Amino acid sequence: MNEIQYLAEEINNCRKCSLGCERTNTVPGEGPYSASIVFIGEAPGHNEDLQGKPFVGAAGRLLDGLLSQVGFERQDVFITNILKCRPPNNRDPLPAEIKACTPFLEKQLKKIQPNIIVTLGRFSLSYFFPTLQIGKVRGKLLKWNNQNIYPVYHPAAALRNTKFYDLLKNDFQQMVQFLEEKPVEESPITDNPESIQLSFFDD
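For what it's worth, this note's numbering labels the leading residue of the sequence shown as 24, then goes sequentially.
Treat the hints as calculated values from the structure; they're not laboratory data. Remember, it's a predicted structure, so these values are computed and weren't measured experimentally. For glycine and all other residues, C-beta sits at the position ideal for the given N, C-alpha and C. Each hint should be verified, as a subset may be incorrect.
Here are the simulated DSS-like cross-link-like pairs (lysine-lysine), alpha carbons at most 25 Å apart as the crow flies [as the list claims (entries may be wrong)]:
1. Lys134 - Lys39
2. Lys130 - Lys159
3. Lys39 - Lys130
What follows is a list of derived Cβ distance ranges for each label pair [claimed, not checked]:
4. Pro55 - Asn184: 30 to 36 Å
5. Asn48 - Asp189: 32 to 38 Å
6. Glu96 - Pro153: 19 to 25 Å
7. Pro55 - Asn169: 21 to 27 Å
8. Asn168 - Arg84: 31 to 37 Å
9. Thr125 - Glu26: 15 to 21 Å
10. Lys133 - Asn35: 17 to 23 Å
11. Thr125 - Asp189: 30 to 36 Å
12. Cys44 - Glu203: 19 to 25 Å
13. Lys122 - Thr47: 21 to 27 Å
14. Lys133 - Lys39: 32 to 38 Å
Go ahead and model the full structure; you've got the sequences and the hints to work with.
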């Protein structure tokens, strides 16, 4: 059993919160541990819970398209969520659930050591920066514990409003530029009139 399989098994055996008893499948994440980019969403949705894979619904297909436009395929990146189990009725993650689940995320990030961590939506952003609003920092490179954090809107937002698709497309193009430049400096945080994103799930 390799390290990826071992951690997936550890997640599968987790019962630290009630979600461990309510899920259909755990969704540890998918992709190589050698990935230079890690995408972090909020929590699995209905389709992800059924298949045990992240971002396989409509938002996932949009994410695949955005990756393709900038020269990446799903197998080139690592995709995961803050929570590894689906909350009932796609409700927001509870603080106790986040506390129970994020040690798994920390293990993944420690092992992968990506060049850029892309947070998808406000919940994954708030894990790293609890006080920041995604509408004010999306598309800006931030520093957290010597890691590059790049916040963007959740792909599900683009399914509801084409304005978000245009923003995502631009942010993905800029993401590649940051990756090629191997940035080490924090981008300034400036005010942005964009509204705060609502909570979005993968399906």
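Going down the list of hints, with the structure as the test:
Of the supplied pair hints, the one linking Lys134 and Lys39 holds, its CA atoms being roughly 22 Å apart against a limit of 25 Å. A threshold of 25 Å between alpha carbons decides the hint, and for Lys130 with Lys159 the separation of about 29 Å lies outside it, so the pair is violated. Of the supplied pair hints, the one linking Lys39 and Lys130 holds, its CA atoms being roughly 16 Å apart against a limit of 25 Å. Between Pro55 and Asn184 the Cβ separation comes to about 32 Å, which falls inside the hinted range of 30 to 36 Å.
Taking 32 to 38 Å as the suggested C-beta distance range, the pair Asn48 and Asp189 conforms, at roughly 34 Å. Between Glu96 and Pro153 the Cβ separation comes to about 33 Å, which falls outside the hinted range of 19 to 25 Å. Range check, Pro55 to Asn169: Cβ separation about 22 Å, and the 21 to 27 Å hint holds. Against the hinted window of 31 to 37 Å, the Cβ-Cβ separation of Asn168 and Arg84 comes to about 32 Å, which satisfies the hint.
Taking the beta carbon of each, Thr125 and Glu26 are about 19 Å apart, inside 15 to 21 Å as hinted. Checked against the hint of 17 to 23 Å, the C-beta distance between Lys133 and Asn35 comes to roughly 20 Å, which is consistent with it. For Thr125 and Asp189, the Cβ-Cβ distance of about 31 Å falls inside the hinted range of 30 to 36 Å, so the restraint holds. Taken as a hint, the range 19 to 25 Å is violated for the pair Cys44 and Glu203, whose Cβ atoms sit roughly 45 Å apart.
Distance hint check for Lys122 and Thr47: the Cβ-Cβ separation is about 23 Å, which falls inside the suggested range of 21 to 27 Å. Distance hint check: the CB atoms of Lys133 and Lys39 are about 19 Å apart, inconsistent with the given range 32 to 38 Å.
The structure is inconsistent with the numbered hints 2, 6, 12 and 14, although it conforms to all the rest.
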